[in-house]
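Participant: Okay, here's what each chain looks like letter by letter:
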Amino acid sequence: MFELLTRLTQTFGVSGNEEEIRSLIINEIKGKVDNISIDPLGNLIAMKKGNVNKDNCKKIMLAAHMDEIGIIVTHIDEKGFIRFSNIGGVSPFVSISQRVKFKNGTIGVVSYEQKLDDIKNLKLPKMYIDIGAKSREETEMMINIGDTACFCGDSVKQGDYAISKAMDNRCGCTVAIGVINKLKDIETDNEIYFVFTVQEEVGLRGAKTSAYQIMPDIAIALDVTSTGDRPESNIMEVKLGKGPAIKIKDSSVICHPEVKKLLVAAAKRINIPYQYEILEAGGTDAGAIHTTCGGIPSGAVSIPTRYIHSPAEMVSLEDLENAVKLVTEAIK
Amino acid sequence: MDMQKIKELTELNGVSGNEDLVREYIKTTISPYVDEIFTDALGNLIAFKKGKSSNIDIMLSAHMDEVGFIVTGYTDTGLIKFANVGGIDERILPGKTVLLGDDKIPGVISAKAIHLQEREEFLSNWKQRNLYIDIGTEKKDETESLVELGEYISFNSNFQELGEECVKAKALDDRLGCAILMEALKGTYEFNLYACFTVQEEIGLRGAEVAAYRIKPDLALVIEGTTCSDVPETEKHQHSTRLGKGAVLTIIDGSSYADKDLVNYIYKLAKDKNIPVQFKETATGGNDAGKIQRTGIGVKVAIISVPCRYIHSPVSLMSKKDYESSQNLALAVLEDMSSNMNKLQSLIKEEK
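Sequence lines, in order, name chains A and B.
Our numbering numbers the first residue of the first sequence as 1 and each following residue consecutively.
Our numbering numbers the first residue of the second sequence as 333 and each following residue consecutively.
Derived by calculation from the structure, the hints in this document are not laboratory data.
All C-beta atoms in this analysis are idealised placements derived from N, C-alpha and C, irrespective of residue type, glycine included.
Warning: the hint list may mix true and false statements.
Below, simulated PhoX-like cross-link-like pairs (lysine-lysine); rule was C-alpha separation at most 20 Å, straight line [claimed, not checked]:
| id | chain 1 | residue 1 | chain 2 | residue 2 |
| --- | --- | --- | --- | --- |
| 1 | A | Lys-115 | B | Lys-568 |
| 2 | B | Lys-653 | B | Lys-500 |
| 3 | B | Lys-548 | B | Lys-681 |
| 4 | B | Lys-592 | A | Lys-103 |
| 5 | A | Lys-249 | A | Lys-260 |
| 6 | B | Lys-500 | B | Lys-577 |
| 7 | A | Lys-79 | B | Lys-568 |
| 8 | A | Lys-123 | B | Lys-568 |
| 9 | B | Lys-568 | A | Lys-126 |
Calculated Cβ distances over 12 Å to all of chain A for the following chain B residues [stated by the list, open to error]:
| id | residue |
| --- | --- |
| 10 | Lys-359 |
| 11 | Ile-378 |
| 12 | Asn-387 |
| 13 | Ile-402 |
| 14 | Pro-426 |
| 15 | Lys-428 |
| 16 | Pro-438 |
| 17 | Phe-454 |
| 18 | Glu-497 |
| 19 | Asp-550 |
| 20 | His-571 |
| 21 | Asp-591 |
| 22 | Asn-672 |
The following block holds chain A by itself, in its conformation from the complex (with noise of 0.2 Å):
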């Protein structure tokens, strides 16, 4: 599971830039489901046949959105420094003396005015990337405006714990995989769609055109939480290493009681510890896959992870291994 992850994470994927990642998953998935497609936006949409003589054979979908976080190039100046936008949610403290990675493998270092009078103001727009060029000329052999990069953050494993970039969301994707690899010989009643969404961290768009083409008759996201397990957190029962996290709400999303409840009984009948999450800030897939075609019932299962949007989340790898068996026990 370890060595998987660390694939996934350390392979680039800004959101809308997720042809990296999605071969990588392609290839991970490919012969083990019935039919793989990409869609205008790029989501990767995996289908596994179900039972179609049982009159219980439902559609299901399961989401991971397969983007990150990054920067995105809008200037150069004459002595070859980027200045960067955003995308999703990128914090300029966390940011401050960062490596990042653009596509092509250059390495820049993040770093910021040194005039700014208050360190408190600092915003995006008061920072730069250094890519070691001697001037404008010499940046723009490398690098073009609109060129997006990662955080740098290896993969490292202490104990049961991982710390890497980008595990918010290649977790939720090595847990469709490993739902996936468990599936693979057996015959389901439910034909199950597994979606690696784009776009997520920039609005969930890849979740609302996927679920749109889909129809399914219940979806359930998989995506990382925060916690409430460090010295003076914000309170939040979620911690790490105490089992997979099913979600009954964030900004984006009141879970459907009835997903809710299929997830509870899974997770009982295979004795697998699993808690309750209610994220206070943020949202996943499942915000935007239940308002789609007239209401589809949604849930999430969530990984728990520290440090999300920083080149070093950290997560419990015995998590994801409950996760995974969770999933496959709810929609076999």
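Using the hints, position chain B against chain A.
Facilitator: Quick look at chain B alone, frame taken from chain A:
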């Protein structure tokens, strides 16, 4: 470049939700060029031109509405209280002239004269809620009989040429887009063309959402007026676009991420045809593309814009050359896609 159409379009009043005059003008002008034309439930004007050989549906979108105001109440002395419709900087309002309703009753946005202001008042910005519109009446019932509650109010600003290169008008955003769509409808194409003149963009991209849902196009091109901030006090790296530097292609903004292949194709085409083109260098703002991209199973979109200084004010300003570049680029894209259907197929393909 002939600016008559821009003059006529910008001098029509069409605040969001009240686009009738603009719609009638466009409908009358384009009817001879189109196969079908209709107005949908929200008021979008949709013109259809059947393709000569292909069933690919291409949507063009430009919004007819403009920012303005709406009457919300009266004072006992006959002054009018009002609310903004769309994003307007309240600091620019005092001293502006406006026109109320279809009868174009003239009024002024009033504020206390400088002589009467306390020092603190003088040093702080006017708040919209403290401003009133004066139409020269003395009593509430007199005002009420002339201007109904809910009446629309527009900036009063005529089209004017400034210098050799520029024009000033209200509502350049997005009558310039409407003008370019009208021009595009004169051509004939291999693909089906839907030109959508949308409503209520300024208050939430509302018309475009339903227009796109009805059409479910394979590809959409949005023509817009966009911010231009190459003015003093803005740092160079925060200039969104530059006046006189050509048509603008958006890579990303607050509402959409334009299709990369499509943007690259348009950029290359502009270079090949020597049409001046620039990228928008900020990632803020939004337009109809945001809703269109997320409609149905998803739509590939691109945005071509004309830089407009002082946008959302009665005195927005654009360069005639930029307008010409944007029109040329939009038409070149349609012509090139029409004469090269394989290219178009590859741009819209769904991978299996």
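Participant: A separate judgement is required for each hint: does it hold in the structure or not?
Facilitator: Cross-check of the supplied hints:
| no. | hint | in the structure |
| --- | --- | --- |
| 1 | Lys-115/A with Lys-568/B | 17 Å, holds |
| 2 | Lys-653/B with Lys-500/B | 14 Å, holds |
| 3 | Lys-548/B with Lys-681/B | 15 Å, holds |
| 4 | Lys-592/B with Lys-103/A | 14 Å, holds |
| 5 | Lys-249/A with Lys-260/A | 10 Å, holds |
| 6 | Lys-500/B with Lys-577/B | 18 Å, holds |
| 7 | Lys-79/A with Lys-568/B | 13 Å, holds |
| 8 | Lys-123/A with Lys-568/B | 16 Å, holds |
| 9 | Lys-568/B with Lys-126/A | 12 Å, holds |
| 10 | Lys-359 | 31 Å, holds |
| 11 | Ile-378 | 21 Å, holds |
| 12 | Asn-387 | 16 Å, holds |
| 13 | Ile-402 | 29 Å, holds |
| 14 | Pro-426 | 30 Å, holds |
| 15 | Lys-428 | 30 Å, holds |
| 16 | Pro-438 | 41 Å, holds |
| 17 | Phe-454 | 27 Å, holds |
| 18 | Glu-497 | 25 Å, holds |
| 19 | Asp-550 | 8 Å, violated |
| 20 | His-571 | 8 Å, violated |
| 21 | Asp-591 | 8 Å, violated |
| 22 | Asn-672 | 20 Å, holds |
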